[in-house]
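Sequences listed follow chains A and B, in order. Number 82 in full-length UniProt numbering belongs to position 82 of the first sequence; there are no gaps in the numbering. Number 4 in full-length UniProt numbering belongs to position 4 of the second sequence; there are no gaps in the numbering.
Because the hints were derived from the structure by calculation, they are not lab data. Be aware that a few hints might be false.
Repeated chains share a single entry, so a pair holds when one copy, or any two copies, can fit it.
Stated by the list, open to error - In the SDA-like style, the derived pairs of lysine to any residue whose C-alpha atoms are separated by at most 25 Å in a straight line are:
hint: 1; residue 1: Lys-291; residue 2: Ser-65
hint: 2; residue 1: Lys-269; residue 2: Arg-87
hint: 3; residue 1: Lys-3; residue 2: Glu-133
hint: 4; residue 1: Lys-3; residue 2: Thr-139
hint: 5; residue 1: Lys-240; residue 2: Gln-265
hint: 6; residue 1: Lys-81; residue 2: Gly-35
hint: 7; residue 1: Lys-3; residue 2: Leu-111
hint: 8; residue 1: Lys-269; residue 2: Asp-125
hint: 9; residue 1: Lys-291; residue 2: Ala-153
There are 2 protein chains.
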Amino acid sequence: MSKLQVDQIRSFNRTVTRRIGVLEDSYLRRGRPLGEARLLFEIGPEGAGLGALRSRLGLDSGYLSRMLRSLETHGLASVDKLDGDARSRFATLTEKGRAEHAAYDALSDDLANSILEPLSPAAQDRLVAAMAEVERLLTAAAVTIGEEDANSADAQQCMALYIEELATRFEEGFDTSKGNSVSGSEFIRPHGSFLIARLDGSPAGCGAVRMLDAATAEIKRMWVAPSARGLGVAGRMLHKLEEIARELGAQTVYLDTNRALREAQSLYKRDGYAEIKPYNDNPYADHWFAKRL
Amino acid sequence: MSKLQVDQIRSFNRTVTRRIGVLEDSYLRRGRPLGEARLLFEIGPEGAGLGALRSRLGLDSGYLSRMLRSLETHGLASVDKLDGDARSRFATLTEKGRAEHAAYDALSDDLANSILEPLSPAAQDRLVAAMAEVERLLTAAAVTIGEEDANSADAQQCMALYIEELATRFEEGFDTSKGNSVSGSEFIRPHGSFLIARLDGSPAGCGAVRMLDAATAEIKRMWVAPSARGLGVAGRMLHKLEEIARELGAQTVYLDTNRALREAQSLYKRDGYAEIKPYNDNPYADHWFAKRL
DNA sequence: CTCATTACCTGACTTTAGTCAGGTAATTTG
DNA sequence: CAAATTACCTGACTAAAGTCAGGTAATGAG
């Protein structure tokens with residue numbers, strides 16, 4: 001992280017927030033307070049629950065309530081009871097509200113066009129490609145990976161999704177009872193550890209280590225949610241797991257994998273793992289790897 | 001401008017304003033209203049005139065006055081008479097204010113680091129490169145080119161800078177009286193036209209056309225400010241001038257150039273101009289070009 | 001069935017941001 | 001030198017944004 005890199009990022013922040021921010025402001029107000037405009041946009045044609053709106057926009061409950069009332073009195077939205085829980089309420093746009101939403105949508109398009117329009121087609125392509133790259137990498141940078149309790153609800157959810165994926169991807173299917181599954185307590189220090197990757201708070205992947213003997217660790221349950229793939233999450237996860245293995249006293253790390261998981265195999269090889277003879281009798285394993293730390 | 005491009009830009013705007021905006025907010029407030037924080041930052045260690053602050057931050061005179069008073073009462077800044085014009089005043093940071101500024105500066109660096117830190121070195125390089133590209137192209141997109149009065153102060157200023165540049169770049173120097181200079185009135189419709197490129201309001205380049213005869217136009221005075229080079233401004237300028245020439249009835253466009261202006265020559269060639277025999281006796285011209293519209 | 005919790009609402013605030021109509025002193029212009 | 005202009009200040013506003021301390025009805029836990 002050189003001074004030059006940091007300066008480039010700071011300069012980018014200034015330029016982009018200035019150029020885009022100013023445009024957004026002028027394009028997206030439509031004579032309405034920005035808060036209400038955002039709320040209208042966030043409700044969207046499909047409607048949204050109040051709780052979801054509150055958390056997405058980071059609003060105080062009272063503030064949201066008042067803004068919704070304002071949208072209602074302007075005939076733009078209606079708030080009704082949600083079937084199921086009579087406490088929860090659900091906001092929907094009226095006909096007029098949907099028209100406003102469509103207008104905002106069109107303005108957003110205009111805004112994007114106003115950025116592209118002055119550029120030559122080649123420059124347009126370059127801008128769009130660079131934007132995609134920035135977006136992808138900013139998202140990647142927003143992924144956090146931390147040690148968490150292997151028995152937490154989020155951990156269980158990740159594991160369930162992981163198993164579901166194995167079941168669809170393994171040619172032979174996947175039966176939980178047959179895999180040499182390991183209980184959550186094996187992934188708690190000092191026996192092991194469990195990592196969860198999160199993007200904006202929601203789980204986006206997991207990974208676990210446990211000690212096989214005093215000098216050997218095994219990595220298991222490495223999984224990245226489809227929405228977070230291509231961001232280098234698996235690589236970071238693997239490094240963190242190795243670091244923990246080292247802390248726990250391991251000098252060597254083992255892991256096994258199924259032949260269907262090709263991207264996993266190439267990750268392991270890239271990271272310095274070498275294929276070894278089977279070190280277990282996992283019926284779903286086709287390849288076994290080891291790496292000296 | 002395909003739907004896909006527009007969608008990518010909208011998605012970029014959302015992601016960047018969310019990720020960067022939220023970070024900036026939390027990093028850069030330091031328990032102070034954002035307006036005051038920005039003002040403090042904008043005054044900077046060197047201080048700044050109130051007029052400059054007003055225009056840079058787009059503030060109402062009364063509002064700025066009050067915010068400065070607030071900074072003063074918190075012991076962060078002081079406002080003194082500027083020597084020269086006793087009406088103008090100049091804001092400076094106190095010791096304490098400079099410390100705050102340094103803290104903001106450090107936080108800005110932290111923010112940038114917090115974005116880079118989770119990424120691998122290779123990804124860091126890609127992010128920084130993509131950010132530079134986005135910034136460059138967004139700046140390019142913000143350049144406007146429009147017809148203006150060739151006798152306006154800004155036009156004269158551009159021309160003066162243009163001539164200054166010729167004087168330093170031509171091996172033989174440049175003497176205004178010898179060049180077949182053309183008065184501003186030649187660049188007024190229906191004889192011709194004058195374009196000024198602007199970035200955030202300030203002139204960043206110019207270009208002119210005039211009719212040599214009923215079917216032939218000549219392009220002159222093409223110049224782009226050093227700060228706006230590499231953004232494709234010259235190309236856009238050239239196209240606009242050709243468009244105007246067409247409107248004025250031209251079927252052919254002529255132009256001449258000095259051998260020292262190599263980037264201009266390559267632009268003309270790229271744009272379809274072919275070298276021709278001298279069509280004038282401009283002592284500074286080494287190459288003459290023509291293009292059929 | 002009781003009590004705590006949840007999901008939302010209401011009223012009463014405060015702070016921030018921003019505008020507008022004058023005012024004063026210094027300076028420039030004709 | 002008078003009149004206009006400039007550079008800033010002051011007071012009196014408004015609107016938007018956000019916070020806080022209670023409420024109420026529905027729901028869930030023991």
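Check your understanding: Among the hints numbered above, which are violated by the structure, and what are their numbers in rising order?
Key -> 1, 2 and 9
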